[in-house]
Structures are given as C-alpha cells and as structure tokens.
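Start from chain A and add chain B according to the hints.
Number of protein chains: 2
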Amino acid sequence: MKKKVVAGIDIGGTNTRIGLIGQDGKVLIDSNIATDKYPTVEGYISAIYNSIDLLMNNPNLSACELTGIGIGAPNANFHTGCIEKAANLPWQDVPLKLMLGEYFPNLKIKVTNDANAVAIAEMVYGKASKLKDFVVITLGTGLGSGIVANGELVYGHDGLAGEVGHITAVPNGRNCNCGRQGCLETYVSAPGLKRTVFELLANSTEKSLLRNSSFEELTSINIHAAALENDPIALQAFEITGEILGRSLADVVAFTSPSAIFIFGGLAEAKEMIINPAKEYMEKYLLPCFKGKVSLLSSELGNKDAGVIGGAALVWKDYI
Amino acid sequence: MKKKVVAGIDIGGTNTRIGLIGQDGKVLIDSNIATDKYPTVEGYISAIYNSIDLLMNNPNLSACELTGIGIGAPNANFHTGCIEKAANLPWQDVPLKLMLGEYFPNLKIKVTNDANAVAIAEMVYGKASKLKDFVVITLGTGLGSGIVANGELVYGHDGLAGEVGHITAVPNGRNCNCGRQGCLETYVSAPGLKRTVFELLANSTEKSLLRNSSFEELTSINIHAAALENDPIALQAFEITGEILGRSLADVVAFTSPSAIFIFGGLAEAKEMIINPAKEYMEKYLLPCFKGKVSLLSSELGNKDAGVIGGAALVWKDYI
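Protein sequence lines, in the order shown, are assigned to chains A and B. One rule links them: number in my numbering = place in the first sequence (from 1) + 78. One rule links them: number in my numbering = place in the second sequence (from 1) + 78.
Just so you know, the hints here were simulated from the structure itself, not pulled from any lab data. These figures come from a predicted structure and were not determined experimentally. It is possible that part of the hints are untrue.
Treat identical chains as interchangeable: a pair holds within one or across any two.
To be verified - Calculated pairs, DSSO-like style, for lysine-lysine (alpha carbon to alpha carbon, straight line, at most 30 Å):
#1 K208 - K163
#2 K357 - K163
#3 K163 - K371
#4 K175 - K210
#5 K163 - K369
#6 K104 - K82
#7 K163 - K382
#8 K369 - K175
#9 K205 - K357
#10 K285 - K349
#11 K175 - K371
#12 K163 - K362
#13 K81 - K186
#14 K115 - K395
#15 K81 - K163
#16 K395 - K210
#17 K210 - K371
#18 K285 - K80
#19 K80 - K369
#20 K163 - K175
#21 K382 - K369
#22 K357 - K81
In isolation and in its complexed conformation, chain A is listed as follows (with noise of 0.2 Å):
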C-alpha cells in the first residue's frame, strides 16, 4: 500500500507556500508561488495544481499517494470552503474549494482560515495537544485568532468565528483596513506597532533610532532591533503594545476561559518583548476568579511550515 501525504497549502498576500505532509506532520517536500503575480484567479489555482503535480511527481515520493488537500487562507470560511471578502488578497472572493475540487474531483479538501490552521496544527501537533480549551493569537500584517472550546475549533454559525482582531480596543480609535474605528488589530500588529512608535515620536521630544526611518521605510523588525539597543521609543512602543494585547487577552480569558493561549507570527518573532508585558497586563486586568491560571506561550510551530503544517492537519485530523 502507497504512503498517504496530504497538501497542506498556506495562502497569504504575497506568497502561496505548498507542502506535502505525511501523517506525523512533517513536511516531506515544499514549493512556493507568488500569489499576487497572477492576473486572473483561474490562473492561480491552475498554478497551486501545477506545483502539488509537481511535488508528487519528485521521484522520492514515487511510493506515496495524495489523500487530500487542506489549505489555510485569509478570511476562509470552513463551512463554504470560499474566501470571503478578503482584504489582503488580490482577489476578494474565492469559491476556493470548488475551483481545487475541478482538479482533485475525488479528493477531501479542506479550507479554515490561516489562524484556525494554526491552532488545528498546535492540537494535532504542537503544545496544545491535550487542552481541551486554548486560543492562538497569529500577529504579523493583522491579528488573526483560533478559538478551541470543548476539544472543537469554534468557527460560528456562519464558519467566521475568530475575528479578535477587530474587537474593539480603543473605542472610537485608529481607523482600521475593515472600515471600523479602534480594532485591536491597528494597535496589535506589525503596523500597529509602527503606528504606535510615530504617535510616540510625535508626542514625545526622546532621542531614537527611528526618527530617521519613514512611516513607509519602517518595520517591526527595525523596531525589534532598536529596542534591543534600549531607544527608548521603540521600547515604549512594545510596552504599550503589550499592554494592549495583554487587556484584550484578559477579554479574551472573560469570554471561554482557555487554559493556555499561543502567540504566533512574525511579530510574536520579538518574542520577550512582546510576550512579557502582554503577560504582565493580562494577569492585571484578569478577573480575579482566572488571575494566575492561564498560560501565555509563544508558540514553537516554526513560522514558515505552521500554515501548510495547519493546513494538512484539517484533513489529518479525521483520521488520526
């Protein structure tokens, strides 16, 4: 009997990543394609064909078999299997797993957005795999979120649950990317940190680093890197992003009262910067009934593979 391998395919707005995954979640082969290089849609998805016929015809895997497909994207709703009104994409809607399933007819294909991908990949294969009730925070352009209750992914009568990001953060605050005011994730996230730090460099007269960056040239990695050298503003400015995703989180905790929750992405990459005074903030605005009783971890699914890792774990998951 040929080995079963799933692809996992983890779409983003610039960079599609698609792996072959076997049954212990290890990626056995990857490629990538450029997302946003495809003028119409048919093209892309002939492309993500091309590239899995590709990665299954290699040679070495010539004794496995291709038993499903299971793809985390941007605003993917698991129950239609479409990408819906997605912001970050170069097309708003996609029927995703209709189009895939022209070329796979006898495949099981399955689609949750990107951060569910994750929190699917640290319950099959990560830390999570005893916990019953956990939540993964994915910071990096936006802040996306799994939400695990009972032992089942909540995904919401319409398969969108898990849009932390745009809970309400700062009541009438920063304009949000959504069309709504004060959203966690224009605080909390790569260009909320940088929005933070020019707020910071405007109200304060501090010497930093970062007064010779452009709003355009600068990113949280410059940031990271300054805080590290102690500049005053860039260290401010992760305090202060701490300290709101740490009272969010706290709302969080209100809400299904996880027993861990996972921070990851490229900006969870500072890592103590972030993770510190998102913990301290968080015990502080914690109800006291939960004070003490939540983990907050970073998570150690490496960046690059937890997306199709995520992705293959959907369809791996009926079986294992």
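Just chain B now, kept in the frame of chain A:
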C-alpha cells in the same frame, strides 16, 4: 412507573426559588426561601432540602419521583459544583453539589452559573432549540452570559467561561465591584443605567423627573417609567446603554459568530428601549462580514421561571 420530576433551583442574592419541573419544562409546583435570612450556609442548604421535601410531599405529586437536581447560581462552576468567589451572596464559596449530595445521595446533581442555566433553558425549551451557536446575555444587577458554540455550552478549562460582563468596555472607565475598571456591567446593567443617569444629570442642564431621586432611591424601573414619558435624560441613558451594549455585542460576534443573541433579565424588561439601540449600534459596529446576519432577540422565557427551568434543564438535557 412513577413520573419523573427534576428540582430546579435558582439561587439569587436575596431570593432562592425552587421548583419541580417535568420533562416538558413545565413548573409543576414551586416555593421560595430568603437566601439572605440564613446565618449559616449549613442552615441554608438544610432549608433547600426541606423545601424540596415539602414540595415532593404535595398530594398532587404522589405519582412523581425526584430524579435529579439542577441549580443555577451566581459564580457557580459546572466542573466543581461549587459557588466560587460570589460577590452578591451571603457566602463567597459554597460546595453546593457536595452539601446537597449529603441530603440526596442517590440523585444526579448539576450546577452551573445563572446565565448558563438560562442558555440551557433556551436550548432545551426556548427559541434556541435548533441553534448550534448562540449567546444569552442576562441584564440585572450585573451582566451575565452563557455562550453556546458547536451546540455545547462553553465552560472553559476551569468551568468559569462566559464572563462577558467583565470585558473592558471602556479602558480606565468606571470602577467595578470585581476590582477592575471599565467592565461592561458597570455600564450595561440596572446599576450601570443608574450611573449613566447620574453622569448625565451632572453634565447636562436639562430638566428631568430624575433630578428628584437620590442615588439610593433611583431604580431602573423608575428610569424606564421616565423614558416612557419622554424624559430626555432617561431616553439618553437608554441610548448610551444600548450603544455600549451594541458595541460589545459586536465584539461577542467577532469571537464566536453566533446566529442569535438573546437578551434576558430585569433590565431586558425595558424591551425596545434597550433592544432597539443595541441592535442599531451592534450593526454599526459589526465587522462587515457579520453585518445583517445576527438576530438580537429578547428571550421569551418568563423572568420568574427561566432560572428554575434552566437549572432543571441541566439535568433533563441528559435524558431528552
């Protein structure tokens, strides 16, 4: 064979209601004891036992057999069967299941918090019988919540999930009994509405019937009556309360994406006065992908009965 009945108990700060409930959710007979009149918790539990015993000995129920006890109480933990750190009861911590179990060693006894009990009543006997994802918000002295996701009540890892009354609605806002600041229930609850009236009386110069009442005298019932007479301060207070509720419900939707939210409890008696602005502002603040999808309904479970029916439904749920 004898007809099975379940005792439903609804524990409040001043009153405890005990009812015997048939499988159809009908209250067959009931009685009340004064929670705050017992100097010891042992005496109080003994009084509950006596009440159940008296009810069961009613000649009309001679063909009935008691099969279980279900209890809704503030700060009650489903997993441990204890009341934990209750702020509004004469006793902070009560091992309810254990203590009642000594009187009824052979009965199934289940405990949950009062808002969860209402959610279960909606699920078993109310308008939520076909819903897999919904939320109940109880508005009274505080703001309680019961969250149902994937058809299951969300208890969290410690049995204490669903504290939506203690999410931060206004950063650094009003002091809350819980020790935090800006909790949703300091704005959206009967005392919250009163605090908003007093803020408006302080800030505005408008005439109002409510200028004749002291803080101690004023109740949400008076404010509702004044609003029905078009008192401008009372109307504004409801509008502000509805806005903060609506904005926070938009956060609730971002978390678990329920198809419906049921509003229940004393303050919910003000019906459209609170529901209408809450609906309007919830829609305004919802993330675009959720707009127009969530029903905001006032619960049709009678205020008087829902607690005991919900308590009993905790037990009946396993049989139906």
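Hint-by-hint comparison with the structure:
For the identical chains of this complex, K208 and K163 are inter-copy neighbours only, at 28 Å across copies versus 34 Å inside a copy, given an alpha-carbon limit of 30 Å. Only between protomers do K357 and K163 lie at most 30 Å apart by alpha-carbon distance; the minimum there is 23 Å, versus 33 Å within a single protomer. Taking identical chains as interchangeable, the C-alpha atoms of K163 and K371 lie at most 30 Å apart only when they sit on different chains, with a minimum of 15 Å there against 37 Å within one chain. Both within a single protomer and between protomers do K175 and K210 lie at most 30 Å apart by alpha-carbon distance, with minima of 28 Å and 24 Å respectively.
For the homomeric pair K163 and K369, the shortest alpha-carbon distance between copies (12 Å) is at most 30 Å, but the shortest distance inside one copy (38 Å) is not. Taking identical chains as interchangeable, the C-alpha atoms of K104 and K82 lie at most 30 Å apart only when both belong to the same chain, with a minimum of 12 Å there against 55 Å between chains. For the identical chains of this complex, K163 and K382 are intra-copy neighbours only, at 25 Å inside a copy versus 44 Å across copies, given an alpha-carbon limit of 30 Å. Taking CA atoms no more than 30 Å apart as the test, K369 paired with K175 passes between copies only; the shortest distance there is 24 Å, against 42 Å inside one copy.
In this homomeric assembly, K205 and K357 come within 30 Å of each other (Cα to Cα) only inside a single copy, at 18 Å, whereas the closest approach across copies is 40 Å. In this homomeric assembly, K285 and K349 come within 30 Å of each other (Cα to Cα) only inside a single copy, at 25 Å, whereas the closest approach across copies is 56 Å. Taking the closest pair of Cα atoms, K175 and K371 come within 30 Å of each other only across two copies (23 Å); inside a single copy the shortest separation is 40 Å, beyond that limit. Proximity of K163 and K362 under a CA criterion of 30 Å is satisfied inter-copy only: 18 Å between copies versus 36 Å inside one chain copy.
For a Cα distance limit of 30 Å, the shortest separation of K81 from K186 inside one copy, 16 Å, qualifies, whereas the shortest one across copies, 49 Å, does not. With identical chains, the CA atoms of K115 and K395 are never at most 30 Å apart, being 32 Å at best within one copy and 54 Å at best between copies. For the homomeric pair K81 and K163, neither the shortest alpha-carbon distance inside one copy (37 Å) nor that between copies (54 Å) is at most 30 Å. With identical chains, the CA atoms of K395 and K210 are at most 30 Å apart both within one copy (15 Å) and between copies (22 Å).
When the C-alpha separation of K210 and K371 is checked against a cutoff of 30 Å, the pair qualifies both within a copy, at 15 Å, and between copies, at 28 Å. Taking the shortest Cα distances, K285 and K80 never come within 30 Å of each other, neither inside one copy (63 Å) nor across copies (82 Å). In the homo-oligomer, the alpha carbons of K80 and K369 never lie at most 30 Å apart, since the shortest distance is 50 Å inside one protomer and 47 Å across protomers. When the C-alpha separation of K163 and K175 is checked against a cutoff of 30 Å, the pair qualifies only within one copy, where the shortest distance is 16 Å, while the shortest distance between copies is 49 Å.
For a Cα distance limit of 30 Å, the shortest separation of K382 from K369 qualifies neither inside one copy, at 33 Å, nor across copies, at 34 Å. Within a single copy, K357 and K81 get their C-alpha atoms no closer than 43 Å, and across copies no closer than 54 Å, so neither meets the 30 Å cut-off.
In terms of the numbered hints stated before, the structure departs from hints 14, 15, 18, 19, 21, 22, listed from lowest to highest.
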